[in-house]
Amino acid sequence: MLDKNQIAKRIAQELRDGMYVNLGIGIPTLVANYIPEGVQVVLQSENGLLGMGPFPMEGEEDADVINAGKQTITTIPGSAFFDSAMSFGMIRAGKIDLTVLGAMEVADNGDIANWKIPGKMVKGMGGAMDLVASAQNIIVAMQHTNRAGESKLLSQCTLPITGLRCVRKVVTELGVFDITTRGFELREIAPGVTVEDVIAKTAGRLVVDGDIKTIVL
Amino acid sequence: MLDKNQIAKRIAQELRDGMYVNLGIGIPTLVANYIPEGVQVVLQSENGLLGMGPFPMEGEEDADVINAGKQTITTIPGSAFFDSAMSFGMIRAGKIDLTVLGAMEVADNGDIANWKIPGKMVKGMGGAMDLVASAQNIIVAMQHTNRAGESKLLSQCTLPITGLRCVRKVVTELGVFDITTRGFELREIAPGVTVEDVIAKTAGRLVVDGDIKTIVL
Amino acid sequence: MSNKVFAHASDAIHDISDGAVLMLGGFGLCGIPEHAIAALVKKGVRQLTCISNNAGVDDFGIGLLLQQRQVKKMISSYVGENAEFERQLLSGELEVELIPQGTLATRCMMAGYGIPAFFTPAGYGTEVAADKESRPFKLFGQEKDYLMEYAFEADFALVKAWKGDTQGNLIFKAAARNFNPLMAMAGRITIAEVEHLVEPGQLDPNEIHTPGIYVHRIFKGDHFEKRIEQRTVQAKSTV
Amino acid sequence: MSNKVFAHASDAIHDISDGAVLMLGGFGLCGIPEHAIAALVKKGVRQLTCISNNAGVDDFGIGLLLQQRQVKKMISSYVGENAEFERQLLSGELEVELIPQGTLATRCMMAGYGIPAFFTPAGYGTEVAADKESRPFKLFGQEKDYLMEYAFEADFALVKAWKGDTQGNLIFKAAARNFNPLMAMAGRITIAEVEHLVEPGQLDPNEIHTPGIYVHRIFKGDHFEKRIEQRTVQAKSTV
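Protein sequence lines, in the order shown, are assigned to chains Y, C, F and P. The opening residue of the first sequence carries number 1 in my numbering; numbering runs sequentially from there. The opening residue of the second sequence carries number 1001 in my numbering; numbering runs sequentially from there. The opening residue of the third sequence carries number 2001 in my numbering; numbering runs sequentially from there. The opening residue of the fourth sequence carries number 3001 in my numbering; numbering runs sequentially from there.
If you're looking for bench data, these hints aren't it; they were derived computationally from the structure. Do not rely on the hints blindly, as some may be mistaken.
[Stated by the list, open to error] Straight-line distance between alpha carbons at most 25 Å, and here's what the computed SDA-like set of lysine to any residue pairs gives:
#	chain 1	residue 1	chain 2	residue 2
1	F	LYS2226	P	GLU3207
2	P	LYS3132	F	THR2232
3	Y	LYS120	F	ARG2069
4	Y	LYS123	F	GLN2047
5	F	LYS2138	P	ALA3117
6	F	LYS2144	Y	LYS9
7	P	LYS3132	C	LEU1164
8	Y	LYS123	F	ARG2046
9	F	LYS2163	C	ILE1076
10	Y	LYS120	F	GLN2067
11	F	LYS2163	C	GLY1053
12	C	LYS1123	P	ALA3083
13	Y	LYS9	F	GLU2225
14	P	LYS3144	C	ARG1168
15	P	LYS3163	C	GLU1060
16	P	LYS3138	F	ALA2020
17	P	LYS3138	C	LEU1164
Build the full structure now, drawing on both the sequences and the hints.
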């Protein structure tokens, strides 16, 4: 089983040199801590920044320099600021190579639900609907099951949809799954996890065949 | 009868302090030479400049600082450069208070034709169609008749249309005409011109009533 | 030249009255028109419709207007971080319309560009698409379904810039740009508050983000609090 | 970091082949990608579709490509000032599509913003409207008729900037900005030539017009001729 940081670390292996990457709030944000050596990526923050740097040193924080999570951050050499329309413009135009998001549910056709739980206070979709409708390559980072122990990898989302047929890959504490026309294809399994564990906790169509590696971090 | 400079000077009387103004090529350009004292207007050049200044001093011309007529110009304090999409954006959004254009024909319902003569080499509409479709207040500066002596103030344009029902006022060598639901309403007449001259040279619906002043420059 | 400069926020907003539709720039508390908001609180106008990406926090930003129950409707993409907001929403006192962030930003821009409608994929197949026209388009070799969305306009746009000149030209700073230049273009009356108000000619014409033609009123804020919502830092000892 | 920097124009355009659809920035001869054009002439690629506001003059700009009969089709708003162009057009060798200038600019921008279609009033009621969908919309209190127009994309966008860094961030100068940032967003491959090529960090992040994400290749032009089309000056004696 992977912990949150290990999920992030595994996703970081998907990064390629020169990629433009948008990381959502939560586990996705942690991916930035595990960028492989020799790989440089440019992080986009959808509030209007390309080239997001680390948190500022204590005392050097600037209220005008924040990320989409409203955290104080820094720029790096090569950073560029722009307005929110251009920010989502480049997202819609498919210029972001990789988008990593959290989710409440993912369906085996790539549908995602991550913005609203009926009966609970709805805070809004923020940029999530724009991102999932446009990103070329979306990886979802999430726990395999919800707090009630129910699978979040479903044949159909039960919660209100954020976007249709858009998720390409899911990484959970149990493994790495590509979403293809056949459903969730198990590609890699976490150390200490059995295929039976994965089958038991996956409600959507699961494909277990071919070469299934153990995740190496 | 007014000459070209006098037509421009008469149109300049329409300028009000603080107006944003787009002047087309030809007679409209001359309007900038007659801005009344105490009135400051901001000239827009649709290739991407607000705050167009005069021609540069000899030897100070800059290839990167041109107007929509491709002439070298200068900036003034308060100038701003922007791209062509924003330039036509502000035009479409109705932010330009006054647009002065030349025309080949104007109809008594405000239609304008100024971009194409069938059978002749067509150079293109440039920004004319965007301007006439969007400007809130269009004044046409032109000769009353064409080289063949035929009226350019018509009941219907014979040349391909640039825009529909958009011209508000026409100033020719003979007079000043408001376009209303009644047609070309003669408001002012040029010194030395008779109402009969105007009637003889106007093919579209002409309204001659009320108080008709002589143009004072 | 006709004067766009106002001495105080209260003068600049003098004619905003009950029921007005406002746009307010900012992302979270970053780049918000804090002086205009304070003046609106003082003026006590009510029944406002506020188009703004977020709704502030309990004691800052639009939260201050919510506290005084001056807001009838919020149009936003995300409204967390605000307990009073939640209370009013659940009690039915406050109306809320949620719009995807990119759609919200683009709708403002489109008004300023004189484009009444456009197509975006955001929200297709979701409840956001209810009652909206949709159709497929191909772009960069990819076909997918898009929703038609409309330009957004407002009676007043309240924006915050870093520098501005007396003709209304604006330069924003860093991530405080966000929705500000977009909303600046979408207001029937646009009111800008700036940290530095300078004479024409002191801003480089090449660096202006919002040309003055879009800005009707401008004033210098006395002191910007610029509150930080999530102060995240690296401890100095870790270096 | 993957390398975007090319040593010469010829390297940067190496894979532009016959039949390619190109966008070329510039207004008249102001801000045109003169080195990329020269390299295309040298390479001798043919059957090009060129999307550009103008078509250059006989011996500069796109006129150089026309001289060598490398252009199959021009998509422009205004094509005067070019006798060879006129000859090829009248003889039927050259195809021309004329588009209102604002529509052309906006169509490029929309591609870069991922918006496949939008509505503009330009050309409604004219021959430009033939076969186009139209409908009325109300904006800022005014109702009128609009045409639906599509985003424009190109195989390659060739743009000219003042300054650029090795990550592709661009700053344009004065009126040489014009169509360049718009086309930069609309190319599947965007190639920028710059007067000054600098290291990341040397451009102020606040002043960048085109973020590097839109730019795939960049090179420094050796010497920019920057020809002036209409040299208009005030004689010094008149002062």
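- Query: When you check the alpha-carbon spacing of LYS1123 (chain C) and ALA3083 (chain P), does it fall within 25 Å?
  - Reply: Answer holds: LYS1123 (chain C) to ALA3083 (chain P) is near 11 Å, not above 25 Å.
- Does the alpha-carbon distance linking LYS2163 (chain F) and ILE1076 (chain C) stay inside the 25 Å limit? With Cα atoms ~18 Å apart, LYS2163 (chain F) and ILE1076 (chain C) stay inside 25 Å; holds.
- Message: What's the verdict on LYS3138 (chain P) and ALA2020 (chain F), does the C-alpha distance respect the 25 Å limit or exceed it?
- Response: 19 Å, holds
- Task: Assess, step by step, whether the Cα of LYS3163 (chain P) is no farther than 25 Å from the Cα of GLU1060 (chain C), and give holds or violated.
- Result: 22 Å, holds
- Are the Cα atoms of LYS3132 (chain P) and LEU1164 (chain C) separated by 25 Å or less? 17 Å, holds
- Message: What's the verdict on LYS120 (chain Y) and ARG2069 (chain F), does the C-alpha distance respect the 25 Å limit or exceed it?
- Response: OK: LYS120 (chain Y) and ARG2069 (chain F) at ~23 Å, within 25 Å.
- Message: Against the 25 Å threshold, does the CA-CA distance of LYS3138 (chain P) and LEU1164 (chain C) hold or violate the hint?
- Response: 17 Å, holds
- Message: Check whether the Cα positions of LYS2138 (chain F) and ALA3117 (chain P) lie no farther apart than 25 Å.
- Response: Given pair LYS2138 (chain F), ALA3117 (chain P) holds - Cα atoms ~10 Å apart, limit 25 Å.
- Regarding the pair LYS3144 (chain P) and ARG1168 (chain C), is the alpha-carbon distance no greater than 25 Å? 16 Å, holds
- Holds or violated: LYS120 (chain Y) with GLN2067 (chain F), Cα cutoff 25 Å? Since the Cα atoms of LYS120 (chain Y) and GLN2067 (chain F) sit roughly 22 Å apart, the hinted pair holds (cutoff 25 Å).
- Going straight from one Cα to the other, do LYS9 (chain Y) and GLU2225 (chain F) come out at no more than 25 Å? 38 Å, violated
- Query: Is the hinted pair LYS123 (chain Y) and ARG2046 (chain F) satisfied, with a Cα-Cα distance of at most 25 Å?
  - Reply: Status holds; Cα separation ~23 Å.
This entry does not satisfy hints 2, 6 and 13, going by the numbered hints stated previously.
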